[in-house]
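2 protein chains.
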Amino acid sequence: MKISMYQASAPRFANALRNLSAILDKAQAHAEAKKIDPAVLGGLRLIADMLPLARQVQIACDTAKGAVARLAGVDIPQHPDTEQTIPELKARIAKTLDFVASLPAAKIDGSEEREVVLKLRGQDVKYNGLQYLLGHAWPNFYFHVTTAYDILRANGVEIGKRDFIGTP
Amino acid sequence: MKISMYQASAPRFANALRNLSAILDKAQAHAEAKKIDPAVLGGLRLIADMLPLARQVQIACDTAKGAVARLAGVDIPQHPDTEQTIPELKARIAKTLDFVASLPAAKIDGSEEREVVLKLRGQDVKYNGLQYLLGHAWPNFYFHVTTAYDILRANGVEIGKRDFIGTP
Chain F
0 MKISMYQASA
10 PRFANALRNL
20 SAILDKAQAH
30 AEAKKIDPAV
40 LGGLRLIADM
50 LPLARQVQIA
60 CDTAKGAVAR
70 LAGVDIPQHP
80 DTEQTIPELK
90 ARIAKTLDFV
100 ASLPAAKIDG
110 SEEREVVLKL
120 RGQDVKYNGL
130 QYLLGHAWPN
140 FYFHVTTAYD
150 ILRANGVEIG
160 KRDFIGTP
Chain V
0 MKISMYQASA
10 PRFANALRNL
20 SAILDKAQAH
30 AEAKKIDPAV
40 LGGLRLIADM
50 LPLARQVQIA
60 CDTAKGAVAR
70 LAGVDIPQHP
80 DTEQTIPELK
90 ARIAKTLDFV
100 ASLPAAKIDG
110 SEEREVVLKL
120 RGQDVKYNGL
130 QYLLGHAWPN
140 FYFHVTTAYD
150 ILRANGVEIG
160 KRDFIGTP
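From first to last, the protein sequence lines are chains F and V.
For the first sequence, numbering that gives the first Met the number 0 gives the first residue as 0, with consecutive numbering after it.
For the second sequence, numbering that gives the first Met the number 0 gives the first residue as 0, with consecutive numbering after it.
Some clues are possibly wrong.
For identical chains, the list gives no copy identity; a pair is met inside one copy or between any two copies.
Stated by the list, open to error - 20 Å max Cα-Cα, derived SDA-like pairs, lysine to any residue:
(1) 33 to 48
(2) 34 to 121
(3) 1 to 109
(4) 1 to 113
(5) 125 to 158
(6) 34 to 74
(7) 1 to 77
(8) 33 to 79
(9) 25 to 42
(10) 94 to 73
(11) 25 to 48
(12) 106 to 75
(13) 1 to 105
(14) 118 to 68
(15) 160 to 50
(16) 94 to 117
(17) 160 to 124
(18) 160 to 134
(19) 106 to 80
Hints were generated in silico from the structure; no laboratory data involved.
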């Protein structure tokens with residue numbers, strides 16, 4: 000049977016983003032219980048020169064929507080990076096989930112050899128769809144989802160691997 | 000053409016592990032330049048109740064070797080968790096890479112429907128090969144590779160996303 004490009008992309012990004020949204024719920028509950036100003040969470044960082052939580056969530060969303068759009072050969076919707084609070088970041092994830100769900104499997108399937116061009120540090124870098132999905136989009140996506148988790152975990156939010164994996 | 004189970008597993012785990020090994024080289028160089036006791040690095044954590052760097056690397060290795068072994072239907076080699084220094088952790092990665100490379104594509108291909116049973120919190124949980132690889136092994140693997148990166152990055156090692164992604 001093999002794995003289709005759709006199976007390896009849209010539903011998997013969606014699953015991880017839903018888990019991230021539930022992790023953000025726990026972060027919000029933690030902030031409320033500890034009387035932390037809700038505006039603080041989005042700015043939390045692991046170290047001063049690393050991107051804060053809000054940007055980690057935004058880039059995870061961008062990676063997911065960029066991947067499915069590029070594989071489907073449709074324009075990537077622009078979502079301005081204005082979110083700061085947890086409810087705003089959850090809305091960003093919801094908007095991303097809506098876009099991911101809007102692409103029918105047939106648009107993404109068969110994109111293994113589709114040319115994908117990324118602008119990286121000012122240079123055009125070409126991949127085929129398979130290499131792009133497995134070697135670029137996946138590690139990049141999980142990098143930002145995990146770092147969002149790590150920022151919250153390092154700041155005392157009670158989350159565990161089970162929240163990250165969810166229901167495979 | 001679709002994606003084969005081999006394409007989506009062994010070479011991808013190997014690529015990310017090689018990138019992690021190169022990140023550990025930078026960590027070692029950083030420790031030497033800053034005169035940090037080399038025994039310190041393996042014990043670094045993001046927060047007291049989260050696993051340290053050495054365990055993150057060991058679990059990333061375990062996830063990779065467990066995934067390819069389960070999909071191939073062969074015994075998982077046992078690698079005792081004795082590593083603490085960066086050279087020891089790099090050797091653990093090298094041993095994992097050797098095992099991943101030892102499995103021919105034909106053993107892993109066709110494992111989409113193979114039953115995989117994981118012992119999770121004392122319970123047997125059943126997956127098919129496809130669900131296990133995409134929904135469990137991948138997120139778990141990247142979780143630990145990214146957290147290893149985040150621990151080093153949060154401790155001042157000069158690494159960037161380019162080191163994490165490497166050559167897709």
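Results for each hint:
1. 33 to 48: Result: close only across copies, 19 Å inter versus 26 Å intra.
2. 34 to 121: Cα proximity of residue 34 and residue 121: none, with 43 Å in one copy and 37 Å across.
3. 1 to 109: Answer is both: 12 Å inside a copy and 7 Å across each meet the 20 Å cutoff.
4. 1 to 113: The answer is both: 18 Å in one copy and 12 Å across copies each meet 20 Å.
5. 125 to 158: Cα proximity of residue 125 and residue 158: none, with 38 Å in one copy and 24 Å across.
6. 34 to 74: Intra 42 Å, inter 50 Å, cutoff 20 Å: neither.
7. 1 to 77: neither (33 Å within a copy, 29 Å between copies)
8. 33 to 79: Answer is neither; intra-copy 30 Å and inter-copy 40 Å both fail.
9. 25 to 42: Answer is within; shortest intra-copy Cα gap is 17 Å, inter-copy 28 Å.
10. 94 to 73: within (17 Å within a copy, 43 Å between copies)
11. 25 to 48: between (26 Å within a copy, 18 Å between copies)
12. 106 to 75: within (14 Å within a copy, 38 Å between copies)
13. 1 to 105: Answer is both; intra-copy 16 Å and inter-copy 13 Å each pass.
14. 118 to 68: within (15 Å within a copy, 37 Å between copies)
15. 160 to 50: between (22 Å within a copy, 12 Å between copies)
16. 94 to 117: Close neither inside one copy (23 Å) nor across copies (34 Å); limit 20 Å.
17. 160 to 124: between (34 Å within a copy, 16 Å between copies)
18. 160 to 134: between (23 Å within a copy, 13 Å between copies)
19. 106 to 80: neither (27 Å within a copy, 45 Å between copies)
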